[in-house]
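K.L.:
Between the sequences and the hints, there should be enough to build the whole structure, so can you do that?
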Amino acid sequence: MVSPGPRPMPLTHHHCSYSECFPLYTILTVRHEVSASSSSSTSTRGVLLKIFDEVLLVDVLDSGDAAHLDLMKRPDLGVTFTKLHCWTLTHYSKCVFMDADTLVVQNIDELFDREELSAAPDPGWPDCFNSGVFVFRPSNETYSKLLQYCAEHGSFDGTC
1327 MVSPGPRPMP
1337 LTHHHCSYSE
1347 CFPLYTILTV
1357 RHEVSASSSS
1367 STSTRGVLLK
1377 IFDEVLLVDV
1387 LDSGDAAHLD
1397 LMKRPDLGVT
1407 FTKLHCWTLT
1417 HYSKCVFMDA
1427 DTLVVQNIDE
1437 LFDREELSAA
1447 PDPGWPDCFN
1457 SGVFVFRPSN
1467 ETYSKLLQYC
1477 AEHGSFDGTC
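Residue 1463 in my numbering sits at position 137 of the sequence shown, with consecutive numbering throughout.
Everything labelled a hint here was simulated from the structure, so no lab data went into it.
All C-beta atoms in this analysis are idealised placements derived from N, C-alpha and C, irrespective of residue type, glycine included.
Treat the hints with care, since some could be wrong.
[Said to hold, decoys possible] Derived DSSO-like pairs (lysine-lysine); straight-line CA-CA distance at most 27 Å:
id, residue 1, residue 2
1, 1376, 1409
2, 1420, 1376
3, 1420, 1471
4, 1420, 1409
5, 1471, 1409
[To be verified] Derived Cβ-Cβ restraints for the label pairs, each shown as a range:
id, residue 1, residue 2, range
6, 1414, 1441, 29 to 37 Å
7, 1444, 1475, 30 to 38 Å
8, 1368, 1479, 33 to 41 Å
9, 1418, 1386, 19 to 27 Å
10, 1474, 1435, 29 to 37 Å
11, 1386, 1474, 26 to 34 Å
12, 1458, 1418, 33 to 41 Å
13, 1368, 1447, 35 to 43 Å
14, 1450, 1372, 35 to 43 Å
15, 1368, 1432, 31 to 39 Å
16, 1473, 1419, 15 to 23 Å
P.N.:
In C-alpha cells:
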C-alpha cells in the first residue's frame, strides 16, 4: 500500500489489523527549499522508516492553478497530483494507494484482487473518481503519460 506523508498515522495504526500486512510504503514530499539531505527531511524519514517498510522522497507536483482552487476554496488540492509519483513504484506489480488520512475499518486485502484503475466515484463530480483510495499497476510509461497529460491539458478543478 502507498500513503503520502506527512500525516500517515491513522492509516498505519489500523493497517495490520485489517489486512495480511502487505508492505506499507509512504511518499514523503521534499519541498524545493528543503533538500532531501537536510536534517529535517532526514529526521522525518527516520521516523517514517520505523512505521513503513519503505519511504520514497519525491518533489511536490503543483498544478499552479490557484484561480480554480480559490474558486473551490481548496488551495490544498494544488499538490494533489504529487500522488502520481506512486506509478514509479515499478518493483511492485500492483498497489493500493491510500491517502494518509484514510481510516481502514475492515479487511482491505480484496482490493489487491481488483483491476487497475479501481476507485470509488466522487459524489461531488459524477465523471470523476475519488483519488483517496485507488488500485493501480506501477508503470514508468503510465507515469510519463499522466505527467504529460497534466502538463498539456490541466484540469477543470486545478488538480489535473
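K.L.:
Now tell me if each hint is right for this structure.
P.N.:
Each hint tested on the structure:
Our distance criterion of 27 Å between C-alpha atoms is met by residue 1376 and residue 1409, whose separation comes to about 22 Å. This hinted pair checks out: residue 1420 and residue 1376 have alpha carbons roughly 23 Å apart, not beyond 27 Å. Taking the CA atoms of residue 1420 and residue 1471, the gap is about 18 Å. The hint holds against a cut of 27 Å. Simply put, residue 1420 and residue 1409 have alpha-carbon atoms about 15 Å apart, close enough for the 27 Å limit, and the pair holds.
Between residue 1471 and residue 1409 the CA atoms are separated by roughly 14 Å; this keeps the pair inside 27 Å, and the hint holds. At about 20 Å, the CB distance of residue 1414 to residue 1441 disagrees with the hint of 29 to 37 Å. For residue 1444 and residue 1475, the Cβ-Cβ distance of about 20 Å falls outside the hinted range of 30 to 38 Å, so the restraint is violated. Taking the beta carbon of each, residue 1368 and residue 1479 are about 37 Å apart, inside 33 to 41 Å as hinted.
The beta-carbon spacing between residue 1418 and residue 1386, approximately 23 Å, falls within the hinted interval of 19 to 27 Å. At roughly 34 Å, the beta carbons of residue 1474 and residue 1435 sit within the given window of 29 to 37 Å. At roughly 18 Å, the beta carbons of residue 1386 and residue 1474 sit outside the given window of 26 to 34 Å. Take residue 1458 and residue 1418: their Cβ atoms lie about 19 Å apart, and the range 33 to 41 Å is violated.
Checked against the given bound of 35 to 43 Å, the beta carbons of residue 1368 and residue 1447, roughly 40 Å apart, stay inside it. Roughly 38 Å separates the CB atoms of residue 1450 and residue 1372, a value that falls within the hinted 35 to 43 Å. For residue 1368 and residue 1432, the Cβ-Cβ distance of about 36 Å falls inside the hinted range of 31 to 39 Å, so the restraint holds. Range check, residue 1473 to residue 1419: about 21 Å between beta-carbon atoms, so the 15 to 23 Å window is met.
Consistency with the previously given hints fails for numbers 6, 7, 11 and 12, ordered from lowest to highest.
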